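Colleague: Listed in order, the protein sequences are those of chains A and B. Note that the numbering used here has the first sequence beginning at 840, numbered continuously upward. Note that the numbering used here has the second sequence beginning at 840, numbered continuously upward.
Honestly, the hints are just simulated from the structure, not real lab data.
Remember, identical chains collapse to one label, so a pair may be satisfied in a single copy or spanning two.
Below, in silico cross-link-like pairs of lysine to aspartate or glutamate (EDC-like), each with a Cα-Cα straight-line distance of 16 Å or less:
1) Lys-932 x Asp-881
2) Lys-1063 x Asp-1483
3) Lys-1290 x Asp-1325
4) Lys-1475 x Asp-899
5) Lys-1475 x Glu-902
6) Lys-1475 x Asp-901
7) Lys-1496 x Asp-916
8) Lys-1496 x Glu-913
9) Lys-1005 x Asp-1043
No experiment lies behind these values; they were computed from the predicted model shown.
There are 2 protein chains.
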Amino acid sequence: MNADILKERNNSTVNLDHMKNFLGRILYGSEERFHELMNLRDRMVSKIRPISDENFYNLDRDEKYEIIYRKSLEIFDFLKENNISPDSPDINKLGIIGAVLGPEKILFTLHTAAFKVSIDLWGTEEQVKHWHSIMNSNYVVGTYIQTEIGHGTFVRGLETTATYNKKTQEFILNCPTLTSIKFWPGTAGITANFAIVMAKLIIDDKDYGVQAFVVQLRNLQDHKHMPGVETGDIGKKGGFESHDNGYVKFTNVRIPLLNMLAKNACVHPDGRFEKTGSELIMYACMLLLRAGLCSFGNCLLSLSITIAVRYSAVRRQTSNLEGIEPQIIEYQTQQYRIFQSLSTTYAYFFASNYLVKHIINVKNITNNFALIKPADLGKLHAISAGLKAQTFNSCLRFAQINRLCCGGHGYSAASGLIPIIQEADAGCTYEGDNVVLLLQTARYLLKCAQKGISPHLEFSFQSELKKSSLYKFFQAYFDIYHTLYDQLISEISGRMFSLVNETGLTEYQAWNECTVQLVQIAKLYVSIFIIWCSLSDINSNVDKNNQEALTELFELFVLYEITEDYSTNIMRLSVVDADQMKNFSERLYLLLKKVRQNAVVLVDSFNYLDSNLCSALGAHDGNVYEKLFDFARNSKFNQKEVHDGYTNILKPYFHRKKLRSHL
Amino acid sequence: MNADILKERNNSTVNLDHMKNFLGRILYGSEERFHELMNLRDRMVSKIRPISDENFYNLDRDEKYEIIYRKSLEIFDFLKENNISPDSPDINKLGIIGAVLGPEKILFTLHTAAFKVSIDLWGTEEQVKHWHSIMNSNYVVGTYIQTEIGHGTFVRGLETTATYNKKTQEFILNCPTLTSIKFWPGTAGITANFAIVMAKLIIDDKDYGVQAFVVQLRNLQDHKHMPGVETGDIGKKGGFESHDNGYVKFTNVRIPLLNMLAKNACVHPDGRFEKTGSELIMYACMLLLRAGLCSFGNCLLSLSITIAVRYSAVRRQTSNLEGIEPQIIEYQTQQYRIFQSLSTTYAYFFASNYLVKHIINVKNITNNFALIKPADLGKLHAISAGLKAQTFNSCLRFAQINRLCCGGHGYSAASGLIPIIQEADAGCTYEGDNVVLLLQTARYLLKCAQKGISPHLEFSFQSELKKSSLYKFFQAYFDIYHTLYDQLISEISGRMFSLVNETGLTEYQAWNECTVQLVQIAKLYVSIFIIWCSLSDINSNVDKNNQEALTELFELFVLYEITEDYSTNIMRLSVVDADQMKNFSERLYLLLKKVRQNAVVLVDSFNYLDSNLCSALGAHDGNVYEKLFDFARNSKFNQKEVHDGYTNILKPYFHRKKLRSHL
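Sequences are here, hints too, so could you generate the full structure?
Modeller: Right under this line is the structure:
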């Protein structure tokens, strides 16, 4: 093991095993389950060769696709052998599947998480039975198709039509315009053969809104397109090389009446349309998906900071007075950047896992959300939308900073940092554009303010927690958050009121004029959720040293937010004065040094295997240069001593010139 | 043309032709030269097929490399036919070469900008003649090799040795350790056959520091490695797919005495070492390179914002009260994000071009920097280092925001945004890590403060400008910057003094403890440079409407900086009070609407061809969906109706299972 990283581990006050168990319990529900799953992970990775052993990041797109395709099937088989459903939320954590796939995703995620789930949620009992029987007796790879080339966030704007034909009792699907061509759905291009398709239901020229239809895209014999269906991959993207995203064009595609999922709305054979259920439950079910996404996004960030912290301990750069190059983790600018990332990923870890557990709990006590109160749904929607947005905003921001903190080598694909940034980038858009989501949160907050009710989740732990010494230590900080929230929301409400009543704008216009500020209040609301969840979990840690290390890290998180993210509003609204702000900065600089002592063990506690990280720089043993050089040697450009570029281009060019020219 | 983008163009108050000429004059020195070069560009692009017509972003790395290789040679030939040197700074602007290569770079950039330049700068007269004669009579592709796998920023830490052998009058090059293997130099892996190699000179076991050596890497007959030389590509990276970056390992590579570039230091045949010149001029020559880099980095940002603004005018999303989906440029959150980018790229445009012209001027009046005063050099180093860092920091930040502002389609490679982000990301590290550069700037600022002298460049235009009504309009803003600068630098100096004299830290430790703040002061210093350059250029614009549009945009830039980047320090140091800060925000929201009227024409004024942008979303005619769909259809995954993934994986898997299984 590299001597520098060993020294970091030896100097830490953190008890690693205890910290791993603590985080494992929060992530997987109990220590027993955690150990069970880690055992499963180790068996899986001994059976299925991880992509980190496949020179994966040096490969071309076709090769990556085939590798992920094969390994996805192997993982499914392995899970089946172990009697575990691939839908199990436990398994979908990056920590387990990621031991084989690194930050890559299973190719069939949409089959289980969207295609099957939609049928189960939106289908009648008869339909669920029917489609499961088809799935059980055929090799169905399903996906979920909604967005169109001209339409994203705004579902009502979708143009693809499903026109009901009474005579034949069929729907006829069409993409009547260029903008109505379906675009982006995962695996719809070349992999999937079935799909849920969202389309506007038309009966007798009347529009009954967007409904869900099961449509076969390719036949099960030879994977060729069904009549009237054109699908294809949409080409390269900012990432996701191993996955196809599809475009799909329907031209008079006929599907039977049965294929419209009819639990909430149905079409009778004679063409009568009937609302049969509430869409509320549909929305409620999205909550769990979104909370899971928060957990996933933060896992990405924790992968990225594991790499950056370990490399910062190993890398030496520039000379001190004695002519020795210090570890770069010694530098304040480095600490300032990477510890912000580290403290953020811990805080979001507590928050996202709290949210997941809380929503599962709500689901259980409301009979699969059937009995959920609309007010509770509003609250949960507000926090889950906001937390999803802030998770991916943070992940993108800090994963990028982590790459910069690793210098040149961070830019090599061997660093493992690139696909994390790419996924975080996409995550700011997929499953709801972050700005749109934050504005949904803000709309709820504004309504609450107007009604004079609190938008915050009521934590069952709160009254107990407030008695703790830990809370007393943080109380002044918490007061800053809450005071700022109250002042900001009242400022925005006041401004909107004045825009309508004094400037004469419509409510719609006034809303738009306040959206920059509304995004801010939504972010602050999410922060408040995060600090309460964090404090509660840290308070539950029984190892004194570990609790202290977490407390330092958490205080650092709070100080970053106060001195950086919210400082302008805090000072503008006189929540704290200039001297206090200066003291907070001094305190922050002091905490950097304390956190530095435990940083390596704090990332070790995430318990990732090297095959999770897929990173030369983040290797547990710190032998980064060997691995970097190995990766280099495995470049596909090195397959021959003389690359075809010379043979095919430079040499003939030179001869063609017939002159001993110079460039 | 798309009706929405046409409407934007018709509604603008800006005179497009005049604005193009205005920017062209600043960029190329005169309107005549600008038109000459645009003419050259149009001829070039009619002769050499641009990469935007080659399905480039859908290709694999090998194919990209070969295309850029071929087109680089074609461009060299074209320039030669037109009697223009490829070294000409005019030509290297992204606007010209980019008409063929988009944001990609010529493969031989390091040959002209580093290999040849180093020989010319560091070689004796005899050496320059010798190497030019070799270059003239052979097909030499040169590069510049410095960084090692374990050593980047810190040049003195390089481990590769060049040991002088008196008997044979040769140097023997070795990479004695893993960490000493050369890593990252562009084209050194598979393309180049010659290189400047930076290595530690050893004579009789004594270390004479890092010197420059000309080393042949591959022979000129068949491109195979020279004895003792191992080179290879380092593998995939976060971008630059079309370029090889190399690793190079030397094992007892023998080169003649003549190959050490000896203008500043030489080795006599008997082994005597002699300093023969000053390194000052070497550093001075880097100034122009760095200023050119600022201009290049900002060009990238202007490409990216051109795409984002045009797409924002075309894209419609979400419904207003009338059920119509507005152009997304209508939304305040969209305006707030993209106009920050737009105002930034204009401000940096003025600043970077001022710096280039200023340094060329200094070069001319100091006889190629031979007579430059050390004090002037310090000043120029401080501003060029800082501006390079801030240019790429801004470019990365805003190019990423622009991608997010384009929603899902921004993530398609068809958007053209991805390679811009990738280049910006790399640019934050290459040619000097941004944090390291900002700290170099800060070190200079601190020294100036201690000596009581001003670090700011003296602008020849300043006294005249101060009389203008434009200056009077901005004076209050300028005062905020200058007051803040004075207060911040004195605060930092005070803190350092107290850390040394009261806390008892060493100067070295105290410096490290203040580096987070020192980065801030360096950024502010750069901002002050930018606002003066911007105001001067805007004041020189004689078209009243255009000047007004630029003034609004510039005020917006200043307001972003005051309310966002510097707001915490501004309020903490009581430079403005809470009410003023609130007024600034209101003013900013108002200006968003004004800038919105001219945004499309302001990006049209950059005068990029569609082939510069390589973007479906940024197309001049606004027909984005056609182009996006074209790109999708051209995905390599669509070459067959049934992808090999099905044939090679799913089908055999299914058969192997011999069961009609379900996933």
